[in-house]
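Note that the protein sequences, when read in sequence, are chains A, B and C. If you're matching positions, the first sequence starts at -5 in our numbering and goes up one per residue. If you're matching positions, the second sequence starts at -5 in our numbering and goes up one per residue. If you're matching positions, the third sequence starts at -5 in our numbering and goes up one per residue.
These aren't lab readings, by the way, just hints derived from the structure by calculation. Even glycine gets a Cβ: it sits at the ideal position worked out from N, Cα and C. Please note: incorrect hints may appear among the correct ones.
Calculated pairs, DSS-like style, for lysine-lysine (alpha carbon to alpha carbon, straight line, at most 30 Å) [said to hold, decoys possible]:
{"id": "1", "chain 1": "B", "residue 1": "K442", "chain 2": "A", "residue 2": "K379"}
{"id": "2", "chain 1": "A", "residue 1": "K442", "chain 2": "B", "residue 2": "K491"}
{"id": "3", "chain 1": "B", "residue 1": "K442", "chain 2": "A", "residue 2": "K414"}
{"id": "4", "chain 1": "C", "residue 1": "K163", "chain 2": "B", "residue 2": "K379"}
{"id": "5", "chain 1": "B", "residue 1": "K49", "chain 2": "A", "residue 2": "K347"}
{"id": "6", "chain 1": "C", "residue 1": "K163", "chain 2": "B", "residue 2": "K442"}
{"id": "7", "chain 1": "B", "residue 1": "K379", "chain 2": "C", "residue 2": "K422"}
{"id": "8", "chain 1": "C", "residue 1": "K426", "chain 2": "B", "residue 2": "K491"}
{"id": "9", "chain 1": "B", "residue 1": "K98", "chain 2": "A", "residue 2": "K380"}
Quick look at which bits of chain B chain A covers, simulated, 3 or more residues with Cβ under 8 Å [as the list claims (entries may be wrong)]:
{"id": "10", "region": "43 to 54"}
{"id": "11", "region": "305 to 313"}
{"id": "12", "region": "424 to 430"}
Chain residues, written in single-letter form:
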Amino acid sequence: MHRSPILKVLLFASLTVLISNSLSHGDQPPISDDTQACIECHLSVNPGIVGDWQKSSHSSITPSKAIKKDGLERLVSSRELPEDTEEYVVGCAECHMLNPDVHKDTFEHNGYRIHTVVTPADCSVCHSDEVRQYGDNLMAHAYGNLQGNSLYRSLVDSINGRMSFEDMKLRSMKSEADTDADSCLSCHGTEVKVKETRTIETEYGEMTLPVLSGWPNDGVGRINPDGTMGSCTACHTRHQFSIETARKPATCSSCHKGPDVPAYGVYSVSKHGNIYRSMEGEWNFKNVPWTAGRDFTAPTCAACHVSLIVSEDGRVISERTHSMGNRLAIRIFGLVYAHSHPRSPDTTIIKNKAGLPLPTELTGEETGNFLISGAEKDKRLAEMKKVCLSCHSRGWVDGHFDRFNSTVRSANDMTLAATKILISAWEKGLAKGPDRNDSPFNEAIEKKWIEQWLFYANSTRFASAMGGADYGVFSNGRYYMSKNITEMFEWMELRQKSEK
Amino acid sequence: MHRSPILKVLLFASLTVLISNSLSHGDQPPISDDTQACIECHLSVNPGIVGDWQKSSHSSITPSKAIKKDGLERLVSSRELPEDTEEYVVGCAECHMLNPDVHKDTFEHNGYRIHTVVTPADCSVCHSDEVRQYGDNLMAHAYGNLQGNSLYRSLVDSINGRMSFEDMKLRSMKSEADTDADSCLSCHGTEVKVKETRTIETEYGEMTLPVLSGWPNDGVGRINPDGTMGSCTACHTRHQFSIETARKPATCSSCHKGPDVPAYGVYSVSKHGNIYRSMEGEWNFKNVPWTAGRDFTAPTCAACHVSLIVSEDGRVISERTHSMGNRLAIRIFGLVYAHSHPRSPDTTIIKNKAGLPLPTELTGEETGNFLISGAEKDKRLAEMKKVCLSCHSRGWVDGHFDRFNSTVRSANDMTLAATKILISAWEKGLAKGPDRNDSPFNEAIEKKWIEQWLFYANSTRFASAMGGADYGVFSNGRYYMSKNITEMFEWMELRQKSEK
Amino acid sequence: MHRSPILKVLLFASLTVLISNSLSHGDQPPISDDTQACIECHLSVNPGIVGDWQKSSHSSITPSKAIKKDGLERLVSSRELPEDTEEYVVGCAECHMLNPDVHKDTFEHNGYRIHTVVTPADCSVCHSDEVRQYGDNLMAHAYGNLQGNSLYRSLVDSINGRMSFEDMKLRSMKSEADTDADSCLSCHGTEVKVKETRTIETEYGEMTLPVLSGWPNDGVGRINPDGTMGSCTACHTRHQFSIETARKPATCSSCHKGPDVPAYGVYSVSKHGNIYRSMEGEWNFKNVPWTAGRDFTAPTCAACHVSLIVSEDGRVISERTHSMGNRLAIRIFGLVYAHSHPRSPDTTIIKNKAGLPLPTELTGEETGNFLISGAEKDKRLAEMKKVCLSCHSRGWVDGHFDRFNSTVRSANDMTLAATKILISAWEKGLAKGPDRNDSPFNEAIEKKWIEQWLFYANSTRFASAMGGADYGVFSNGRYYMSKNITEMFEWMELRQKSEK
């Protein structure tokens, strides 16, 4: 990897020509000197980053022009830009040099003060509405909601903790930071901190760089070195930040595909997913605003939950929102029972009557005060239905949601049956639960209980919500809900016999 | 959602201009007055429907022109069109106003008699051959074949029925209509009926609309309000009805992806699926007829089972058929054992010697009279091989089917081993089977037996039929067949000990 | 299928015109007389093969021109071509008539000596480097490494062997050749031999053709009738042999998708897969060399493991290699523990201290001499990191691999816990292991042990290596590792009680 100094000079010279050619053809808007300096080395060191950015809107329009776009076409939501926003496109320096004093990961780099981790606060310079809205999401709080909930932390430990078997005894340790980061926190987000600096040899000489813990990560609730929460790149992938990517369902599949949250799988087999997969090549994923029936003929995840959608005649069907909860009345996954959405995105404040950090009792009743009201649920449902109605008749839409509500109730009932069996097992001493100061997640029968709600009831509800056919039957759906109850019951019968 | 009357007038005016612009450019064929009236409101109310339809062939050619297309290019199969088929494209009114007296879902709507559910009888005005052929399919009978088979109804109940646990007893109820519709019937089809009418407020004033039970649904064997069976939109998705969608495998994946019928997953990892997924962008999915080697270089589901395929020199490789059974000698999924295809698409007439509504005995022997003859099997296999031979040599094709037949036999043997264990368990009183008037599907050991044939043997056979590699081994294939037998056997051993 | 002689003559005539038209337009390079003769019949018999080939590079450039391409653009790696390579494109005859005396599948066919199975030796005429490199792969030895390893053969038997249940006894047979070919060997490769010849009726008269055993097959380690190992068409799909297909991940998914090697699933939900799936339509998959950041903005399987990648300024980021092991330090799947890569691609030479044909002891320690050194591991990791660094910073890349190494260690620990439970069960007589001359794979508890490493630890490691989120948690990841240990432990507890 070492190159001679002469070679370096030649490389620099040829790169400069290359940059001039490839970056400045015609009316290409100007690049700041700082960004130009970044590119001079990084075009060689990380050509993929530079190439990706060159394809972005960030590299082809200045913020001051972008903010002047008309109404619905405008992607810069900030009402005004900082005074020092000059007539340059948004390049490396414009993001990685913002607010250097607030960023604990700022380091001195060839005369510049650079930070590695670009955060929502950095993005909010131009995209303030989106960042503000996003903060209202459960997702923005995904780190704390997991780590700060004693019950869910014990679930994490039961999954990630190293286990050992010695002297006929099974031992389980608390999980380690590296494992959590590679596991749950890869989606929930890590806490990113500077743990040390390291000096390394590079082709441009010695460099001293910060070493970050919890890095790499682009989880949705990442705790950043500037104190903010979230990672815009979770969906708006670096360094092209293409709206096309964010609008396509593959993006959401990164975190929403497993048995615990099978949204992507369900979508794929739904009519919507079927149309998307066969027609996407003929759709326009770049137009802003996005016209239903012309730019696309079936919704992607973004179309229902996030995007600004208009009709052919320019009427706004649904506003752009980065508070995805706005159209969701019921929270259908991740918890023991489906329930009304929490009022606050910080769910660590929730406690049920039994003192557990859960939005329902173990027997399913909602803990009212922490959850949204019936009126708010109606409002959110109405908001979602607006999207549905752009392609479906009233009768279709109402029928769909009536059926969905019925499924939410029956799936909760199936969870209740499984829970009652588990409670019986605890009471009879066939397993050890919270009443005996033990985790409710670490024994075989408890793991079956987890799967009842975290896998099977979730899958059944998602299938109902989005038309996912077999995800409500044999693909982790109702077949597994009933099978699991049967097996839990037979386990208890057998255990009772063998205990005698 | 309320708009002032003046706004409405303005909206109407602008919509009219818009429709003129977007629908009538150049030699755009004429739209009937009735359809024009539909669009005037629905372009605003359901822009996605109108936009989708505008991209369809239905909106760009009149039936009277379409019927005159030459030989293999013709998509209108009816020999002649009804006298009242005027020189208009097929729009809203042309389908939703057909046969109003036969449609029990017909309602009075702003001076028109409209029905919601467009049925095979409606489509058959132009596409009579396809509708007739489709009626010969098991799929057309998918509702009755499930609901009218006492054994399969008890399977449905064991999956969908609500369960409860009280006083150490497990109870299971019969399944409810809403649950069935959200579960098995989402693919099999519901029975759609008018249950009441409802009057709602709309932006165009008060409207009285029918409320349908079993709606929405586009299952393949739907029982329609005009008495017909089936739903063409199961594959020919509304309202573009694009042949491109029907030819792509995503369409079939809606119902053929779960562990019970893993056709899509198998296809995806097969050579065919691999070529499709890497080359589809360069193929032509719209040409009629479809030329092997030019329009596409590997088959999709439709290519083998449905489509009219020709060679470069215009020779017909395989005729279009909507009787998919025509090329299928053996029925490899859904039943306990693979067996010769049933003669009649209505399988409720089948009874085996033991009196069970099954095409084989519980020990695998075929119940001859209800199933096709050896000669018919040979004919169907020869028909399928024609498609294979367009890209494979004779030796390849024969070798493939010899191996497939061997797999069908060995998978049946593995099911037999599991069945014999279960029968032993019933005989020994370790479980309760039909001999004690109990469902064969509701106990833990019985559920393992279900999985033996419904999941693992099926997956193994599909993998063999379509080259699905791991679907025949670790992805629900042979590994699970042998593991399941081992576990069933050990379960019985353990139970026998604990009963002592 | 019979046609009259006159029809045949007409068909021949029209085909000849068709071939002239479709194959010889403009400066189309010449087709050899032998290939022309093949096409004359096979265009009608197997139009898909001919059509596919017409789209290939093979049909559009002669080897003698292709070998003269400049440096990185050259795909013909052989330094020189055989003297008899004339100025014809690579058609049917150029491959299927090579080395007729070495090919045991050569047969007399209308005056030509043809072989069915084209092998690496045939391809190496032009692509000698690739064939030589490929021979260094574990994949080239995939047949022998499975069939010649007594332990793995017993695993195969336990999966594929037919089972029966009679007189309350479970019996398991050795697996059959047809089943193996349809199962494990569909990826590993079969041994292809001529078993007999068969004379059949065709539309061109009677033909005598060889019947091959183990055919069809395109497994990566296929034993060919000319004695070579491997099948280039496993990735370079017939008969287009498109580099586009080989570069796309669907190709690898054929064998690398199941729970035993979930690479494709992991890739799909990774950031790389997400970008690929949303952007592939805008990428260039045909350019040689392949420019990171311009032709593609996220890697596919090939980009990291095989392809020649350059940067915008023409610098080589990574050399093309068909020895995929070159960038892989640790072998993370298929064996009980992750371990340093074997030195030799023929792993049948490996024995651990306990005498088992495994690269580690049952308790995880590496059997040093057969595996690569630490220095070699460092070199391979550095080679891989070069690819990563084209789009990621040093800190990102180092952080990623530190975390991956931590996961490799913890997943091995979780396998150790499961193994110790199994060893205890063997010692206590609750199951029969190798110490009692029994297979370690054929009892229920042993099958749980298999899944611990073959499914769950593998999935966790792949998720870590490639950023696969839930594949390291709920999609066969850590949740299942810990659940499985818990269940194995409870199984032993229960068994001990019932044995008393």
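Enumerated hints in conflict with the structure, sorted upward: Those not satisfied are hints 1, 4, 5, 7, 11, 12.
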